[in-house]
Amino acid sequence: MPNRRIRARASLRVAVLAAAVAVLGGAAPAPDKTDPLADQKAFQASFGERFPQVPFADFANGPYAVSAPMRKQWEDIMQFPPYDFALDEGKTAFETPFANGKSYADCFANKGIGVRQDFPYFDTKTGEVATLDGTINRCREANGEKPLPYQVGLMASITAYMAETSRDKPFDIKIPDDPRARAAYEDGKEYFYTRRGQLNFSCASCHVGAAGQRLRGDILAPAIGILAAFPIYRSDWGSMGTIDRRFTSCSAQMRSEPLPPQDKSYRDLEYFLSYMSNGVPISGPGTRP
Amino acid sequence: MTKAVTRAIFHGGIAAVLLALLGTASVQVFAQGTAPSAGQAVAFDRTKGNCLACHTMRGSDVPSNVGPELNDMKARFPDRADLIAILQNEEARNPQTIMPSFGRNLILDHQEIEQIVDFLYSL
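Residue numbers (the working numbering), protein chains in the order written: chain P, 1 to 289; chain C, 290 to 412.
Looking at chain C on its own, in the form it has when it is part of the complex (with noise of 0.2 Å):
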């Protein structure tokens, strides 16, 4: 558990690091597409994704694991439509999933599944 912690503590200080090392750049990257703060919001949002409730990734205050932790979500996921898919309709791929199916059901809008992706591929 506080392994888990604190390796989500250590990934949120590198990421930092990187944000600052990467300067204007970022600003630049994060202009072009919906900016991945907002996709951290809507992510972390209890009445929204409240993805923290089921999921530790970086950022989480308390550890979860109904569902994998997030991370190296380019490298394990990089085809953008697979990830839009899961949130879409997690049940598609898993009937018996526990996920909520937060594009069928209407929890979040199609503009906020965007965001999320963004914000997972920070990850």
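So here's chain P without its partners, still in its complex pose (with noise of 0.2 Å):
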């Protein structure tokens, strides 16, 4: 009930917003025609302005890159990566062929090496789009196995090998010059800016707007590069954790319902965060504290 008038009142914010901007003109991109393009190099460039002493690769560490003490802490605890027995368990998962035979490289360009930087894709047969994660479970369907649940265990090593495969390779999602394409670019967008729950945050809330600012304990990682280190080890958790543990832990801080893993808002923000991040390499898996 109070959510609902939250809401109307949000979006006649918005549209008081879009009527401002209307008027100032000149300068602001038509606005009926959206591109994604033009929200990326603004996206990247507020950040650059932001964190001028951060160099753009670095956004690829998340809050380690925005503060000197918290990486002096990373630095002590990378003499053991933490994530080091996810990736000997991702590694011989990935190589173990199924029983028909089959395996998980005969599922992916590449053979399934190197290409975390290329995830989410838009798939112009489903229609949607298409997560490193869930194309994990595709393929075993396909091949006679069970999917693999998303937010811990297994999924979070296998995707923990494939990141390392991938390390330093700068994101390169590409938005296909198709009007489904667009949309789900544009609802990863709105869920990403809109405010909802009990407290009205938003998700640019903490990573934009307190970006690099102490939230209890944690500093509060830029959206830049948000997702290049995930699969994490989070000690917080005492486990790893996948992007889809990550999205709903955030979605219960902002006291609104966690939508299901993988459901298809959480797979357009992936796809928002991840384009706007074009060019920030892979770190993966990462540790945090």
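There may be inaccurate statements among the hints.
Unchecked claim - Pair by pair, the computed Cβ-Cβ distance ranges are:
no., chain 1, residue 1, chain 2, residue 2, range
1, P, D84, C, D368, 42 to 50 Å
2, C, A364, P, R216, 21 to 29 Å
3, P, S265, C, V351, 28 to 36 Å
4, C, A370, P, P258, 32 to 40 Å
5, C, P384, P, R216, 38 to 46 Å
6, C, S326, P, L154, 46 to 54 Å
7, C, A330, P, I77, 34 to 42 Å
Stated by the list, open to error - Listed below are the simulated SDA-like cross-link pairs for lysine to any residue, each with C-alpha atoms no more than 20 Å apart in a straight line:
no., chain 1, residue 1, chain 2, residue 2
8, P, K125, P, D187
9, C, K337, P, Q253
10, C, K337, P, L215
11, C, K337, P, K111
12, C, K337, P, C250
13, C, K337, P, C139
14, P, K91, P, E145
15, C, K337, P, M254
16, P, K111, P, C139
17, C, K337, P, R216
18, C, K337, P, R255
19, P, K91, P, L148
Everything labelled a hint here was simulated from the structure, so no lab data went into it. We put the CB at the ideal spot given by N, CA and C, even for glycine.
Put the two chains together into one complex; each comes in its own frame, and the hints tell you how they fit.
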């Protein structure tokens, strides 16, 4: 009930803003045609201005890019990376054939080695965004295996291994000239900026507006490059977690109802965030306090 | 970071000493309104104010700086109504703020907001 009121007010605010932008006119791009590339340029430039001391590629390192004390802690942890066990488990799983003799390598370009930076992509066959995690499960199902749970466990281990083979390759997300791809991008963008829940936070409240600031013990990661390190080992969790785990836990933190893993909106959100991060190198798997 | 913590601990120390010095007088003050400790409990409760997520203040265990440090509140906000308004709906003052509109969004009720303001005035 109060939520609806808030949403109405928020959309009113958006309308007022839109009107203001329209009045200002001039420099603003045509309002009826979205321009993802212009969005990306503006997004990257704004983080560059906010954090002039951070080299662009370093946004792959989340909170460590913007906090020297955290970075020091990180360098200590990395003497014995806590995700090593997951890498071993993931590599073994990746290389073990399915019961039918096929393997993950058969489902990916370049046999799945060094491809993390191309995900998520817009699949023109299904008309939807395909994530790395979703593609792993589709591969399993196509070969008669049960899908894996999305947030923890083997899914995190396999994506950890696949990320590791892709380290330093820059995000290279494409938005094909297809209205459905544009719509998916727009949906992800809207999800990112919409305030929701009783606390009326948007993802941007914390990862754009307050990026680099301290929220209790945490330094809020800047939104640019925010998925480059996934999956991550978080000491707070005591285990590995995938992008779905992070999305659902941030949704809960916002006191809004988390969506099911791989929900269309979460996939579109991943598409938007990854596209905004084009050029930032893959750094996963990562480790966080 | 450690500076803020030591400062907070230091403030805490002073307050404890002051309380001890004030002795019975403070009990009378508390008895009139709501006890500041009730306000602190609501302010620190993660399911209520959760103020420490964003603000450093006396009693913080870890420093946060999403919002400004809360100290010296009587000097900075002599008008009680201003603090009530901030807690009721900070978005009215700053539409872009990340600070939740505690009253408007029914996160805190009127009495809890009054209790927190009592607590803020002890900072």
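Here's how the hints hold up against the structure:
Take D84/P and D368/C: their Cβ atoms lie about 58 Å apart, and the range 42 to 50 Å is violated. The hinted window of 21 to 29 Å between A364/C and R216/P holds, with their beta carbons roughly 27 Å apart. The hint said 28 to 36 Å for the Cβ distance between S265/P and V351/C, and at roughly 32 Å that hint holds. Under the hint 32 to 40 Å, the C-beta atoms of A370/C and P258/P, about 38 Å apart, fit the expected range.
Hint check: P384/C to R216/P, Cβ distance near 25 Å, so the stated range 38 to 46 Å is violated. Checked against the hint of 46 to 54 Å, the pair S326/C and L154/P passes, with Cβ atoms roughly 49 Å apart. Taken as a hint, the range 34 to 42 Å holds for the pair A330/C and I77/P, whose Cβ atoms sit roughly 35 Å apart. Simply put, K125/P and D187/P have alpha-carbon atoms about 19 Å apart, close enough for the 20 Å limit, and the pair holds.
Restraint check for K337/C and Q253/P: satisfied, since their Cα atoms lie roughly 13 Å apart, inside the 20 Å limit. Distance restraint check for K337/C and L215/P: the Cα-Cα separation of roughly 16 Å lies within the 20 Å cut-off, and the hinted pair is therefore satisfied. Annotation: proposed proximity of K337/C to K111/P is violated, straight-line Cα distance about 51 Å (limit 20 Å). About 18 Å separates the Cα atoms of K337/C and C250/P, which keeps this hinted pair within 20 Å; it holds.
A threshold of 20 Å between alpha carbons decides the hint, and for K337/C with C139/P the separation of about 45 Å lies outside it, so the pair is violated. At roughly 18 Å between alpha-carbon atoms, K91/P and E145/P fall within 20 Å of each other, so this suggested pair holds. With a C-alpha separation of about 13 Å, the suggested pairing of K337/C with M254/P holds against the 20 Å cut-off. Between K111/P and C139/P, the direct Cα distance comes to roughly 12 Å. Compliance with the 20 Å bound is thereby established for this hinted pair.
Straight-line distance between C-alpha atoms of K337/C and R216/P comes to about 15 Å, which keeps the hinted pair within the 20 Å bound. Proposed proximity of K337/C and R255/P is supported: the alpha carbons are some 12 Å apart, at most 20 Å. Proposed proximity of K91/P and L148/P is supported: the alpha carbons are some 16 Å apart, at most 20 Å.
Violated hints, in rising order: 1, 5, 11, 13; the structure is consistent with all others.
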